[in-house]
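Chemist: Chain by chain, the residues run as shown.
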Amino acid sequence: MVKLSNSAVILLDRLLQQRGPQVSGSWLQDAMAAALDGMPQYRGCFANRGAGQPDIKAGDTGFEVKTTSGSTVELDANYRAIRGQFTHFRLIALRTDILPYHLWAVELPSDPPHRVQLERIMDSRTPTDARLEEELARRLSQVVVASGTAWTDARDRDTACNALSAAVVALREDAAAEAR
Amino acid sequence: MRQLHPRGDLDMALRAEAIELQAHGPIGAVQLKDLAVQDLIVVTGPNGAGKTVLTQPLEAPGSAGSLTCIDESGAQQEYKSRGVQQSITHISSTHLMSGFRDLQSALALAAHATRELHGARILGQLANTELLKTGAAEGAQAEPATITSRRDAFAMADRQCGAQPRTLSEYRRLGRELSGFVGRAWEPSDLADGVRVPNEMQLQPEHRVLEGYSQVRPALEALASLGVPASGQPTAADAHREAAVVLEASISDALKQMGVGLGVAPSEPLEARASHALDALDDAIRATDDAIAALDMLRDCKRRAYTFVERQLVAGAQCDACPVCERPIAGKDLKDALSKVTQGQDPEAAKWQVAKKSLEALRSALHNLTLTHGESAKAAQREHAAVKGPIAKAAVGLCRAAGWAATVVAATDPLHAACDRWLAQHGSGPSEVASRDARTLQSSAKEALAQLDHQARQLNDGLERWQAKFQAFQRLGTVLAIREGLDSVEWTVSLDHVESERRRQEQRARWRGVLGSLADEYRRRDELAKASVIDDPGVQERFARLIRRLAVSQPGMTGLSFRGSSVTDSGHGRPAQLSEGQTVLVNIAAAIAVAGKVAGTAAHRPGWITFDEPTNGLDESSRDAVADYLGSITTADLPSQIFVTTFDVPFATRLVAAGRSSGRRVRHFELPPFVRGQPVRITERIA
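Those protein sequences? They're chains B and H, same order as listed. Here our numbering runs 4 ahead of the position in the first sequence, where the first position is 1. Here our numbering runs 2 ahead of the position in the second sequence, where the first position is 1.
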């Protein structure tokens, strides 16, 4: 469990207030994919923009992105069905009922439970990947603040994705400059 | 839902049999016995004697004392108040004096109404208590004030950035580009406003100038507009030179025709030589005139001679030879000669005439050419002057100054040298070369102007674009600075705290639901109870009967009716206006009307009613009216015991008398003044 940067939380909160949980959830999926794409091990991952599962595919790893206004995430039967198709399956959950928002990267077992309880100390069946959490929270914060209101206030999802793409490019330049 | 008072608890109406105060009570051990067979029990005593304490077990038996009751089967039992009957069994002076509203509340208790209402009110208060509100607990998720205050500013600044990525690399890239444009070194600095803003301002693109260009431009413009004809067009100097050539040729031609020399050196100015030629022509013309005159004279002489000879011949004189020239003259020749002299033209003279005309034409032409030459000389002078002035000024204006742009220097230095050269070479007077050089100077100045204008334009080419870029740069810097400030604020929340608070709130919500539904049930019962008691037709009828009885002694009270929450004057349809005494009487009637409804019913066990100091504040006549009225209440009016406590002995005496005269069983107890430490000895007054 990690929290996002303050400025990223303000922007995500703005998105949630303006678009509502449904739309902001799908837009967050794009941002999450952009953040994962910046991580070498998930480079080339892509978001499944349809209603299918999982939300993001990265090789043999599937990601499900959920925003929740409580401490639990319900998992329907589909997850148990689709879990077997991936070596790793992670639930990325963002709690929006508390400020600042908190993020969990939960490793779902082969036989996922019906419900995942998002706690400070997680159930042993649904442990978190602390390294992934830290890295993802950092990159998600970066992507969100780099795209800013160009993303949160975009007129539609495609425009929002364009803002994310521009931010990803700029962030890569940042990283390259730092490496130099 | 649980039945609050199962019918099994409430069997029959009770009658008070014995009151027993505990020894440790306020006035010590006191006992009143054999009360159940009495209808009216009056207790008198001075203030502070303990009358209210004595009757307190009738309202709420407890630590002060107990009350033994007898039910209708004759069985004795200890009365246990449930806290619901107090007001109906205990009507205080305050109730009696304060109008009907409070009394109504008391009366409603008779049918559990107030009990239910009280319960509903308590439950409602509980449900709305701060402890049960479902709002977020204070401090559970408190957003730091520094973040709250910057939220809007951050969003607004971020919106200004449009589609631009909000990254440090973008900020640096823009800074580098601007640095190249404005020609100033720049390094990204600390984003704090005090450092960032001045650092950014160094890169503000401003309108730029070619140093020195504004100073040399007037000189260049003057040179570019020199008064020389365009290339291909003849200059005044050219015209002057051509005029001189023509004049020179004309002089030569004239001299040649005259066959004379000029008489002046060829080095003399053309004007002087022309003047000499004109003079020579004048001389030649005059000589020709003389020759023509001589020939005319000669011809006249010949005519005269021939005429003379002819006359001589006609006269017959022999004349073989001319007397003038002595040449032989034949007669025929003479006639022909004479004819030639008199009638024909003189070829010689004609030749001289032609010569003269030729000379005159030459002179005229030479004269005109001399004038033309003179005019062209003046025109050339004017042209020269028009060029020389600007060139001289330009030579001054083009003097280089320190700090001038290199391009300006490179463009103007050659021009400056050319001006100086022109002035040195051609400053003395006009010439074809001077004009040509001036034209060259003009052309060069035009080129320099065009070149420098182009460079000046290029210098500010895209300035607006750069200024827009600078604004984007500044906006980005602002966003990054705000963001840095926001992210440096410590903003944490205890997840455990949030969870426990959430659970507490869920519990509170559940409690609110339970209490709310309980309160609703109580309110519903209350409405039913009110309707069953206060709006009961029997109560209304009983009240009307009691009021009619009052009307005998209190005229004007017959139109009163009791319904709902007030007594109204049915004759006028408005709340009745009553005196204090009348109010007490009406309230006693109302109390008895309601008590009569409930007394002896299973729902209301106590079969007694207590009036505590009913005459407080009343004058003597009102007091008597109350005593008479209360004493006149019969068991038909109220099948219950009536307890009256009062300090007013005359009132009590009158009440006891009235009660006995109404056929009621009456006892009158008297309490002595209370003395701490001494036992209270109650005495009974026997009529």
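None of these hints come from the bench; they were simulated from the model. One or more hints might be untrue.
Cut-off 20 Å, straight-line C-alpha distance, at most; resulting in silico cross-link-like pairs (EDC-like, lysine to aspartate or glutamate) [said to hold, decoys possible]:
no.: 1; chain 1: B; residue 1: K61; chain 2: B; residue 2: D80
no.: 2; chain 1: B; residue 1: K7; chain 2: H; residue 2: D348
no.: 3; chain 1: B; residue 1: K7; chain 2: B; residue 2: E111
no.: 4; chain 1: H; residue 1: K358; chain 2: H; residue 2: D292
no.: 5; chain 1: H; residue 1: K304; chain 2: H; residue 2: E250
no.: 6; chain 1: B; residue 1: K61; chain 2: H; residue 2: D489
no.: 7; chain 1: B; residue 1: K7; chain 2: H; residue 2: E492
no.: 8; chain 1: B; residue 1: K7; chain 2: H; residue 2: E145
no.: 9; chain 1: B; residue 1: K7; chain 2: H; residue 2: D292
no.: 10; chain 1: B; residue 1: K70; chain 2: B; residue 2: D178
no.: 11; chain 1: B; residue 1: K7; chain 2: H; residue 2: D489
no.: 12; chain 1: H; residue 1: K359; chain 2: H; residue 2: E377
Chemist: Confirm or reject each hint.
Modeler: Hints, verified against the model:
At roughly 19 Å between alpha-carbon atoms, K61 of chain B and D80 of chain B fall within 20 Å of each other, so this suggested pair holds. Only pairs whose Cα atoms come within 20 Å are accepted, and K7 of chain B paired with D348 of chain H is rejected, the gap being roughly 140 Å. Under the criterion of a C-alpha separation no larger than 20 Å, the hint pairing K7 of chain B with E111 of chain B is consistent with the structure, at around 18 Å. A threshold of 20 Å between alpha carbons decides the hint, and for K358 of chain H with D292 of chain H the separation of about 10 Å falls inside it, so the pair holds.
For the given pair, K304 of chain H sits about 44 Å from E250 of chain H by alpha-carbon distance, which is inconsistent with the 20 Å threshold. Using a Cα cut-off of 20 Å, the hinted pair K61 of chain B and D489 of chain H is violated, with the two alpha carbons roughly 31 Å apart. The straight-line distance between the Cα atoms of K7 of chain B and E492 of chain H is roughly 11 Å, inside the 20 Å bound, and the hint therefore holds. In summary, the hint linking K7 of chain B to E145 of chain H is supported, as the alpha carbons are separated by about 14 Å, within the 20 Å threshold.
At roughly 135 Å between alpha-carbon atoms, K7 of chain B and D292 of chain H are farther apart than 20 Å, so this suggested pair is violated. This hinted pair does not check out: K70 of chain B and D178 of chain B have alpha carbons roughly 29 Å apart, beyond 20 Å. Distance hint between K7 of chain B and D489 of chain H is fulfilled; the C-alpha atoms sit about 12 Å from each other, no more than 20 Å. Distance restraint check for K359 of chain H and E377 of chain H: the Cα-Cα separation of roughly 27 Å exceeds the 20 Å cut-off, and the hinted pair is therefore not satisfied.
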